[in-house]
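*Asks:* Each chain, letter by letter, is given below.
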Amino acid sequence: MSEQAAIEPFSDPESAPDLRRSWSERRALRSVILTAGAWVMAVIASVPLFSVLYMLIVQGGSRLSLDLLTELPPAGFELGGGFGNAIAGTLVMVAIAAVISIPIGILAATYLAELNPDSRLAATSRFLAKVLTGFPSILAGVFVYAIIVLAMGTYSALAGGVSLAVLMLPTVVLTAEEAMKTVPRRMKDAALGMGCTRTQMIWKIVLPTALPGILTGVILGVARVAGESAPLLFTALFSNYWLTSLREPTASLSILIYNFSSMPFDNQIELAWAASLVLVLIVLVFNICSRVLGRSRI
Amino acid sequence: MAANAFENAAPPGAITHPPSLNEYLTDRGFRFLAVCGASLIILLVAYILWKIGGQALPAIYNYHLGFLTSTNWNVSEQKFGILPETWGTLYSSLLALLIGGFFGLTVAIFLTQDFLPPKIALVFRTIIDMLAAIPSVVFGLWGIFVVIPAIRPIANWLNDTVGWIPFFSTSLSGPGLMPAALVLAIMILPTVAAISQDALHLVPYRTKEAAYGMGTTRWEAILKVMVPTAAGGIASAMVLGFGRALGETMALAMLIGNSNQISLSLFAPAQTLASLLASHFPEAGQIEVQALMYAALVLLAITLVVNMMGTAILSITQRRLSGRS
Numbered sequence: 091m092s093e094q095a096a097i098e099p100f101s102d103p104e105s106a107p108d109l110r111r112s113w114s115e116r117r118a119l120r121s122v123i124l125t126a127g128a129w130v131m132a133v134i135a136s137v138p139l140f141s142v143l144y145m146l147i148v149q150g151g152s153r154l155s156l157d158l159l160t161e162l163p164p165a166g167f168e169l170g171g172g173f174g175n176a177i178a179g180t181l182v183m184v185a186i187a188a189v190i191s192i193p194i195g196i197l198a199a200t201y202l203a204e205l206n207p208d209s210r211l212a213a214t215s216r217f218l219a220k221v222l223t224g225f226p227s228i229l230a231g232v233f234v235y236a237i238i239v240l241a242m243g244t245y246s247a248l249a250g251g252v253s254l255a256v257l258m259l260p261t262v263v264l265t266a267e268e269a270m271k272t273v274p275r276r277m278k279d280a281a282l283g284m285g286c287t288r289t290q291m292i293w294k295i296v297l298p299t300a301l302p303g304i305l306t307g308v309i310l311g312v313a314r315v316a317g318e319s320a321p322l323l324f325t326a327l328f329s330n331y332w333l334t335s336l337r338e339p340t341a342s343l344s345i346l347i348y349n350f351s352s353m354p355f356d357n358q359i360e361l362a363w364a365a366s367l368v369l370v371l372i373v374l375v376f377n378i379c380s381r382v383l384g385r386s387r388i
Numbered sequence: 023m024a025a026n027a028f029e030n031a032a033p034p035g036a037i038t039h040p041p042s043l044n045e046y047l048t049d050r051g052f053r054f055l056a057v058c059g060a061s062l063i064i065l066l067v068a069y070i071l072w073k074i075g076g077q078a079l080p081a082i083y084n085y086h087l088g089f090l091t092s093t094n095w096n097v098s099e100q101k102f103g104i105l106p107e108t109w110g111t112l113y114s115s116l117l118a119l120l121i122g123g124f125f126g127l128t129v130a131i132f133l134t135q136d137f138l139p140p141k142i143a144l145v146f147r148t149i150i151d152m153l154a155a156i157p158s159v160v161f162g163l164w165g166i167f168v169v170i171p172a173i174r175p176i177a178n179w180l181n182d183t184v185g186w187i188p189f190f191s192t193s194l195s196g197p198g199l200m201p202a203a204l205v206l207a208i209m210i211l212p213t214v215a216a217i218s219q220d221a222l223h224l225v226p227y228r229t230k231e232a233a234y235g236m237g238t239t240r241w242e243a244i245l246k247v248m249v250p251t252a253a254g255g256i257a258s259a260m261v262l263g264f265g266r267a268l269g270e271t272m273a274l275a276m277l278i279g280n281s282n283q284i285s286l287s288l289f290a291p292a293q294t295l296a297s298l299l300a301s302h303f304p305e306a307g308q309i310e311v312q313a314l315m316y317a318a319l320v321l322l323a324i325t326l327v328v329n330m331m332g333t334a335i336l337s338i339t340q341r342r343l344s345g346r347s
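Residue numbers (the numbering used here), protein chains in the order written: chain A, 91 to 388; chain B, 23 to 347.
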């Protein structure tokens, strides 16, 4: 075996063993082949993203104009039209979700991170929050249908917002908890040593210090729910008109894409692509914001 | 009261002072609210279970467990069963896990085992993470106009030449299981890749150095040392990816063809529990809504079990690994 020959003592550098593996050795060859395979697979794995972006820009970009943002969705054979009401609906429902889930999420996170991290309540709560991140979004819709739509007797923006809040809550809780845990122990101890109550310590030390991290989580949560459609299917439904009240069916970009994608009219398909482009832009902007914030923290 | 025990602890004129009664009460109040917040998550999960279970109760009472094994979904005769949907859910998710899991793990290895300079690896990781940000409906739309036309010739060729294999026994006329599973694989890839990367990062670098010191090649070190050491985390990545695939709705509703049948063929249209809910719920009458609630309950049970398993494996292995290194 070649390895054994290499162990023999040598005196001058000329006869030093060659530690480089030769390509003809089967193990080395296999390593090279696997490396090549990994490169190929990694490249293949990044193809879908570029393909999606390419289609969005080519198909959606061609229809992009200001009319899209101000006009209402067209009916069957109509040409033109836009989806201003859907953009407004999406923003309103995401805002409702944020208003509900952010305060609750941050309160829960302070408990999990600061007040009693090792208690059984905290452990259970943390575990269930993690489980909820993988909760099928359509079930949030089913749940809100059962508690709000049936009670109110109508589909509404309010119900849509609540179903999005259910999905946003675990993201906010878990990222805010992580952010608060990065606040150094000595800062908290100093505050407590000055006679702060725990609440004062949290409000004056922990929250301001962890703010960028918490914001990252909040924005990530917003980005996650802005693109959701399954929970809105039967909570907010859809509407062809502008939003006038929170208690009526409301349009959203994602449902518009879903509805239009199965229509046989070219105009609607084009609008679906344009709406996808707008939706992806909204989601990506939020995502990039959260990344930038997250990076500046370190 | 405890708040006033240290009333005179600080000398007069000191910048520090013990909490006043007001501050004490605020503290208690805030702590109470925080406890409420944490409990609310538990209550929410319990309430979801109770509410969906409660809505499904009439259907459970009417159809019993036969609901799970019946293949009918007939509104006019009020006969409901979800065997084809359960089959479609598991079949499409397993296929997606097979493809997405394989790619996800390879990407995770590629990004953590020094194949790329750290800066380029970060860019690449961001690209993969961005996949997770693309909304499900957009993937659905992309699947309809890109994936289906792209794989249709291959699918039909496979059906023509080796159609006797049950997996290829039908042609792909449009929506079907394979395009749905492919898109699903792309959607779970970021989840699998991200959790696997974290698991591989947790393995101490000196473990790998030790393997190199023993004279292994790079891939021997990866496959025989790094991956087995991170196996727990990778397993949970797979389980959580599977859980994500089970509950994914919109892309599937758009791509799988919503056809109530059980077929081994990869190119036949099928139906999943989530897509059943998405396509039937908006127009359902009262009786059908009850049956759909039953279906939702089954989906909820499956995903909760899978996600709890994944989360539990993850936290156990993380605790063990971080405790050791």
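Derived from the structure by calculation, the hints contain no laboratory data. Keep in mind the model is a prediction, meaning the values are calculated, not measured. Some hints could be false.
What the hints assert, rightly or not - Short, incomplete list of chain B residues facing chain A, as computed with Cβ under 7 Å:
(1) Leu71
(2) Met236
(3) Arg240
(4) Arg266
Stated by the list, open to error - So these bits of chain A aren't anywhere near chain B, every CB distance computed over 12 Å:
(5) Leu156
(6) Thr272
(7) Leu301
(8) Glu318
(9) Leu333
(10) Thr334
We put the beta carbon where it would ideally sit given N, CA and C, even for glycine.
*Asks:* Look at each hint and say if it fits the structure.
*Replies:* Quick rundown of the hints versus the structure:
| no. | hint | verdict |
| --- | --- | --- |
| 1 | Leu71 | violated, 9 Å |
| 2 | Met236 | violated, 11 Å |
| 3 | Arg240 | holds, 5 Å |
| 4 | Arg266 | holds, 6 Å |
| 5 | Leu156 | holds, 22 Å |
| 6 | Thr272 | holds, 16 Å |
| 7 | Leu301 | holds, 18 Å |
| 8 | Glu318 | violated, 7 Å |
| 9 | Leu333 | holds, 19 Å |
| 10 | Thr334 | holds, 22 Å |
Of the numbered hints stated above, those contradicted by the structure are hints 1, 2, 8, listed in ascending order.
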